[in-house]
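There are 2 protein chains.
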Amino acid sequence: MSETMKAAIFVEPGRMAVEEVPKARLEADTDAVVRMVRTCVCGSDLWYFRGLSPHERHAQIGHEGIGVVEEVGSAVTSVKPGDFVILPFPYSCGVCPVCKAGFESSCPHGGYFGSNQAEYVRVPQTDGTIVKIPGKPEDYDDATLASLLTISDVMSTGYHAAASAEVKPGDTAVVMGDGAVGLCGVLSAKMRGATQIIAMSRHEDRAAVAREFGATDIVAERDQAAIDKVLAMTDGYGADAVLECVGSKQSFDTAMGLVRAGGVIGRVGLPHYAEISAEGTFGRNIGVKGGPAPVRHYDLHAGLLDAVLNHEINPGRVFTGEYDLDHIQEAYEDMDARKVIKSLIRF
Amino acid sequence: MSETMKAAIFVEPGRMAVEEVPKARLEADTDAVVRMVRTCVCGSDLWYFRGLSPHERHAQIGHEGIGVVEEVGSAVTSVKPGDFVILPFPYSCGVCPVCKAGFESSCPHGGYFGSNQAEYVRVPQTDGTIVKIPGKPEDYDDATLASLLTISDVMSTGYHAAASAEVKPGDTAVVMGDGAVGLCGVLSAKMRGATQIIAMSRHEDRAAVAREFGATDIVAERDQAAIDKVLAMTDGYGADAVLECVGSKQSFDTAMGLVRAGGVIGRVGLPHYAEISAEGTFGRNIGVKGGPAPVRHYDLHAGLLDAVLNHEINPGRVFTGEYDLDHIQEAYEDMDARKVIKSLIRF
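From first to last, the protein sequence lines are chains G and B. By full-length UniProt numbering, the letter at position 82 of the first sequence is numbered 82, and the numbering carries on one by one without gaps. By full-length UniProt numbering, the letter at position 266 of the second sequence is numbered 266, and the numbering carries on one by one without gaps.
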């Protein structure tokens with residue numbers, strides 16, 4: 001009988017379970033198997049949990065994580081069993097022009113993890129995907145482990161919003177969305193030197209983290225009222241950079257209304273809107289960039305891993321609830337009900 | 001009786017005239033009046049001439065030009081009568097955050113010239129708009145005057161396509177459109193260090209200028225055939241940067257098909273399409289930037305004026321027909337019929 005492992009199962013919208021399933025194993029010589037140390041629930045998982053986006057029923061789920069390499073295929077050269085690693089939510093070949101340009105998350109040979117809320121995970125294309133962490137999990141305290149976990153997705157995604165929006169020193173940046181990605185967007189805008197950071201938030205716990213991460217102003221208004229407020233704060237010109245970390249039509253429309261002419265909207269929320277106005281963006285020279293975050297690129301080449309290891313940033317603060325895998329239903333429910341900002345799963 | 005001047009008049013689609021109209025004069029203390037030395041016909045003027053875009057009938061037209069300052073308002077400090085100048089097609093305050101960010105063409109206090117095909121032109125907001133050229137028109141030969149004329153619009157617009165597409169050294173760039181802007185886009189991609197420059201052209205005279213400007217490859221195909229050809233030339237990955245210098249839906253769709261994941265489409269053709277797919281651009285991390293070109297910014301801060309004065313670039317090569325103002329109908333007709341690439345008007 002083959003080995004088994006515990007895994008979270010998406011049963012149907014609103015209902016998670018934990019089951020014994022076949023243990024993740026090597027399928028190709030470029031694969032690795034990683035024993036998970038921490039995983040978490042993503043805002044995008046909630047779209048499925050809420051029934052707003054389709055997801056296969058009675059199937060594994062999850063795409064974030066850090067862990068320890070258990071086993072590697074014969075072609076893997078970058079890591080060995082026992083190594084402590086980050087699993088970026090996209091997997092990628094690491095060598096094609098798209099990866100070399102720093103867009104591993106859109107690698108045409110890659111894809112996305114989808115079964116990381118489990119004890120073990122199979123990593124495809126290991127050498128092009130994985131990011132090694134110095135030492136062992138035992139070398140780090142819980143807060144640092146939480147921050148390392150964020151650079152498998154949420155912090156890297158916030159950083160992608162800031163980089164896509166071309167935030168530069170001295171900028172005024174607006175961050176749409178006070179979920180974990182938006183909060184990490186605030187931290188990223190700060191890292192890139194924005195001096196005025198306006199966080200859109202109407203939840204006190206989130207606004208508090210936003211302030212801790214560098215937000216200079218909190219705007220609780222929405223739609224036209226939010227636009228009016230930001231325009232009033234920027235002498236009527238709008239913000240140099242907008243980090244769109246929601247993905248709704250409402251949020252994108254608001255972003256369009258408060259961005260300065262010549263500014264860029266960096267968007268990282270999977271778009272739940274069909275179109276961007278070709279004319280509305282043209283006359284005002286509004287740029288639109290973004291997509292799934294190239295996690296590995298930012299971890300290694302924008303200094304996110306070093307910044308976490310040196311305690312310059314503490315993005316793990318977005319985890320305000322901790323659960324074991326057996327309490328996965330509660331982890332989803334609490335995040336769905338906004339009782340917690342983001343749910344961490346310990347093994 | 002007030003003084004008069006000769007001016008081109010847009011009578012109706014397909015029909016231009018030359019008439020005596022009241023001479024341009026100062027209306028505000030920040031105005032200047034410029035005696036035109038060269039102007040020209042823009043691809044966007046042809047949209048009106050062809051009846052594809054609305055334009056007031058029996059009205060002045062034109063937005064490009066170089067000339068000599070005739071008179072200045074009392075608040076003007078940057079130029080004096082006798083100075084030789086470029087008139088960027090947008091006018092702008094020059095001091096607001098939008099202008100300071102390098103987007104004078106979207107200055108909320110500015111606008112666009114619209115009566116430059118005339119002997120004299122009124123310049124609003126002179127100090128924030130005008131670009132001074134050293135010396136006098138007599139100091140320059142015809143070829144240099146033609147090149148100086150291009151940096152009032154068409155060369156700066158081509159440069160905006162390249163800058164918006166983020167062309168950088170070593171890139172493969174595709175230029176959509178073989179009109180004067182597209183050809184200047186080729187030259188701009190070359191200036192920014194692209195090593196493979198694929199020009200889309202099916203007209204031998206234009207392809208010849210494209211090659212002279214730095215195009216390494218010419219693609220005559222359109223639509224899916226063009227996409228297939230560019231993909232074949234880039235190992236299936238697509239181009240790092242696409243300069244969309246047409247503005248049609250067909251052209252933008254083709255641009256989307258041949259841009260590399262993570263690449264940027266720089267667009268400068270006034271969009272004759274309604275929307276950009278929010279999802280189609282997201283998964284592949286396709287950026288879309290561009291709009292009306294900040295001419296003054298590129299002339300002064302991207303080195304276009306110096307490059308022309310030092311004869312490093314000769315964008316004036318796009319003028320393959322020369323006319324006097326009395327032959328304005330012919331200047332439009334020849335360009336409309338593609339007998340010439342772009343029509344220059346001498347005074």
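Keep in mind the hints are simulated off the structure, nothing from the lab. Treat the hints loosely; a few may be bogus.
As the list claims (entries may be wrong) - Which stretches of chain B does chain G cover? Using the computed rule of at least three CB atoms under 8 Å from a CB of chain G, they are:
1) 39–52
2) 70–79
3) 273–282
Stated by the list, open to error - In the BS3-like style, the derived pairs of lysine-lysine whose C-alpha atoms are separated by at most 27 Å in a straight line are:
4) B:LYS136 to B:LYS6
5) B:LYS100 to G:LYS168
6) G:LYS6 to G:LYS249
7) B:LYS100 to G:LYS229
8) G:LYS23 to G:LYS6
9) G:LYS100 to B:LYS6
10) G:LYS136 to G:LYS80
11) B:LYS136 to G:LYS100
12) B:LYS249 to G:LYS249
13) B:LYS100 to G:LYS190
14) B:LYS168 to G:LYS168
15) B:LYS100 to G:LYS100
C-beta: ideal position from N, C-alpha, C; glycine also.
Evaluation of the provided hints:
| no. | hint | result |
| --- | --- | --- |
| 1 | 39–52 | violated (count 0) |
| 2 | 70–79 | violated (count 0) |
| 3 | 273–282 | holds (count 9) |
| 4 | B:LYS136 to B:LYS6 | holds (23 Å) |
| 5 | B:LYS100 to G:LYS168 | holds (14 Å) |
| 6 | G:LYS6 to G:LYS249 | violated (38 Å) |
| 7 | B:LYS100 to G:LYS229 | holds (22 Å) |
| 8 | G:LYS23 to G:LYS6 | holds (8 Å) |
| 9 | G:LYS100 to B:LYS6 | violated (57 Å) |
| 10 | G:LYS136 to G:LYS80 | holds (13 Å) |
| 11 | B:LYS136 to G:LYS100 | violated (49 Å) |
| 12 | B:LYS249 to G:LYS249 | holds (23 Å) |
| 13 | B:LYS100 to G:LYS190 | holds (22 Å) |
| 14 | B:LYS168 to G:LYS168 | holds (19 Å) |
| 15 | B:LYS100 to G:LYS100 | violated (33 Å) |
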